[in-house]
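S.K.: Given next are the chains, with one letter for each unit.
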Amino acid sequence: MTSAVSFQKASRHFGSVRAVDAVDLDIAPGEFFAMLGPSGSGKTTCLRLIAGFEQPTSGSISIFGDRAEGVPPYRRNVNTVFQDYALFPHLNVLDNVAYGLMVKGVGKAERHKAAEEALSLVRLPGYGARRPGQLSGGQRQRVALARALVNQPKVLLLDEPLGALDLKLRENMQEELKSLQKALGITFVFVTHDQGEALSMADRVAVFNDGKIMQIGTPEDIYQRPRTRFVADFVGSSNVLPPDFVQRYSGQHRWGSLRPESIRVGRAAKGVTSGEGVSARLVSTNYLGATTKLALDADGLRLHAIVPAGIALPAEGEAVVLTFNREHLHLMDEPA
Amino acid sequence: MSLDAAMVRATAPAILPGSGGLRGALSDLFWRKPKVLLLLMLLPPVLWLGIVYIGSLFALLAQSFFSIDEFSGLIDREFTLKTYGDLFQAANLDIILRTVTMAALVTLASAVIAFPIAYYAARYARGRWKALFYLGIMLPLWSSYLVKIYAWKLILAKEGILTWLLAKLHLLWVLDAWLSLPIVGGNSLSVSFTGTFIVFVYVWLPFMILPVQAALERVPGNLVEASSDLGASPGQTFRNVLFPLALPGIVAGSIFTFSLTLGDYIIPQIIGTSRLFIGQAVYSQQGTAGNIPLAAAFTVVPIVIMGFYLWGAKRMGAFDAL
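So the protein lines, in turn, are chains A and B. Once you know that position 216 of the first sequence is 216 in this note's numbering, the rest is easy, because the numbers rise by one and skip nothing. Once you know that position 63 of the second sequence is 63 in this note's numbering, the rest is easy, because the numbers rise by one and skip nothing.
A couple of the hints might just be wrong.
[Unchecked claim] Okay, derived cross-link-like pairs now, SDA-like style, lysine to any residue, Cα gap no bigger than 25 Å in a straight line:
1) K314(B) to R131(A)
2) K104(A) to G235(B)
3) K113(A) to Q236(B)
4) K104(A) to P220(B)
5) K104(A) to L245(B)
6) K154(A) to Q236(B)
7) K108(A) to G235(B)
8) K113(A) to N240(B)
9) K314(B) to G128(A)
10) K130(B) to F53(A)
11) K130(B) to V17(A)
12) K108(A) to N240(B)
13) K154(A) to S233(B)
14) K108(A) to R315(B)
15) K314(B) to K154(A)
16) K104(A) to G136(B)
17) K314(B) to N240(B)
18) K108(A) to F243(B)
Hints in this document: simulated from the structure, not taken from any laboratory.
Just need the whole structure built from these sequences, with the hints factored in.
M.R.: Dropping the structure here:
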């Protein structure tokens with residue numbers, strides 16, 4: 001089966017800056033694919049390579065089997081939902097949504113009908129006469145989505161689409177995007193720096209750093225079995241454990257990772273020096289509502305633990321003992 | 001050191017005493033009553049604009065309703081529309097049509113030339129290139145208008161560099177063919193309407209480039225990308241996105257180029273034919289002919305035309321994106 005999007009050693013260099021560096025990538029048709037990474041990691045440039053706003057300096061890119069190098073954006077059946085939506089301020093909502101059909105020469109009645117349908121799809125029926133300036137951020141986001149979907153693209157690109165929305169709205173939109181993607185069966189490629197968003201929405205996630213893909217896998221893979229220190233640290237701020245520490249518990253001299261929620265925190269029994277667990281000192285507590293995040297200092301090694309709310313906590317500065325299930329200690333591929 | 005700072009912080013009062021004196025009192029007054037400051041700042045320009053400027057304009061308008069006694073040459077200070085009737089004499093109507101046509105063509109040409117320059121400056125020029133752009137646009141404005149016009153007279157003259165260059169390129173026949181045309185032609189470019197047109201466009205171009213550039217600068221780059229992403233070719237993007245969003249800037253620029261051309265009397269006098277433009281008509285009517293009412297009536301023409309122009313532009317939605 002041909003991939004929806006395929007990168008073969010694709011690079012995009014800006015002078016000496018390697019924004020995207022020899023990336024190999026295959027996105028399956030109908031997949032909800034997330035590109036996750038910190039800012040400047042090359043994920044947005046990858047998206048722009050698919051959209052056609054950037055051309056690869058080397059390597060090749062194909063979309064549904066067709067070579068895409070040198071093909072301008074307006075000849076690609078790919079549409080983008082921009083980060084700040086990029087709605088046309090001089091057109092009303094209906095004409096914004098109908099824009100793609102208008103430039104393709106679809107008649108007025110027909111394109112307005114299609115635009116109305118797209119607006120109903122994103123649950124904004126009857127908003128056509130308004131100007132983008134009169135809409136809230138969440139509504140603009142939906143208009144941008146409708147404007148892209150009305151063209152029935154082969155691939156829909158979303159550049160941090162939820163970044164500007166507040167938390168509640170973001171959670172609603174996440175669910176909606178997910179169900180929309182299922183219903184339409186269009187390949188979604190989604191760029192985000194929010195690991196929670198990537199894990200909750202995507203079928204597969206690619207973690208970017210320094211223009212390279214560090215790891216591609218299902219959200220579970222990425223979260224449970226990070227391959228490198230970077231992935232462990234970036235996705236869910238796992239505790240990265242140095243080889244010497246790991247050797248004591250697993251017998252192998254390798255970098256390891258331990259999820260903060262896998263650590264149990266107990267009060268140190270007086271006079272007992274660490275028998276089973278790791279002795280540490282509680283540095284600070286961070287109340288997060290459903291959970292509490294603890295910063296711990298284990299003999300110079302900074303660790304984080306997340307414990308459910310309602311558990312009696314030791315005071316800050318107190319000595320504690322940390323225990324964890326050894327199965328939860330994940331060994332990384334990265335050499336020591 | 002930090003302990004000292006902490007001590008100072010501990011002894012400092014929560015509310016500082018007034019700085020005293022007239023300056024302190026004035027600062028406090030302006031802070032409490034910002035409108036006083038606003039009034040003080042606006043009073044001089046309002047007096048200037050309201051009394052000296054608008055006042056003299058109304059004096060001028062009043063003059064246009066007087067008439068001249070054809071035998072004595074004295075001004076008859078009685079309300080009449082006769083002077084306006086004189087505007088519609090064939091010779092005067094000719095002057096008006098000629099000027100308006102020239103102003104429209106100059107505006108159109110300025111817009112066409114200015115757009116790519118402004119687009120480059122707004123989209124691509126950064127840092128040093130942007131400074132160079134501003135310098136290039138503004139530098140001609142620093143030198144005397146008369147010097148520039150006389151320089152153009154030399155450039156466009158029969159013995160000038162343009163003729164010489166075309167001769168070297170064996171393209172003199174193109175110039176000769178153009179100059180042999182009626183109306184736009186003449187003995188040489190410096191005594192033809194074509195020459196007048198070229199110099200008008202040159203002199204007013206900065207007034208078109210700058211507003212268009214400012215308008216384009218406000219168009220987010222991702223709108224162009226969004227248009228392209230949605231399948232619009234570069235031409236379609238220009239028609240449907242860039243042009244409508246740059247239109248307020250083009251209209252602002254065209255107000256300059258159009259009204260400046262309507263009123264100018266120096267360029268057509270130095271470069272061009274002996275046929276008059278509105279500015280020259282005003283000049284000769286109030287000077288040699290001593291017909292102040294007709295001169296005043298002539299000045300009203302550009303004002304009325306500009307009024308209609310702005311009204312039309314507003315109806316076209318040119319100011320919607322402001």
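S.K.: Kindly indicate which numbered hints from before are broken by the structure, ordering the numbers from low to high.
M.R.: 15, 16
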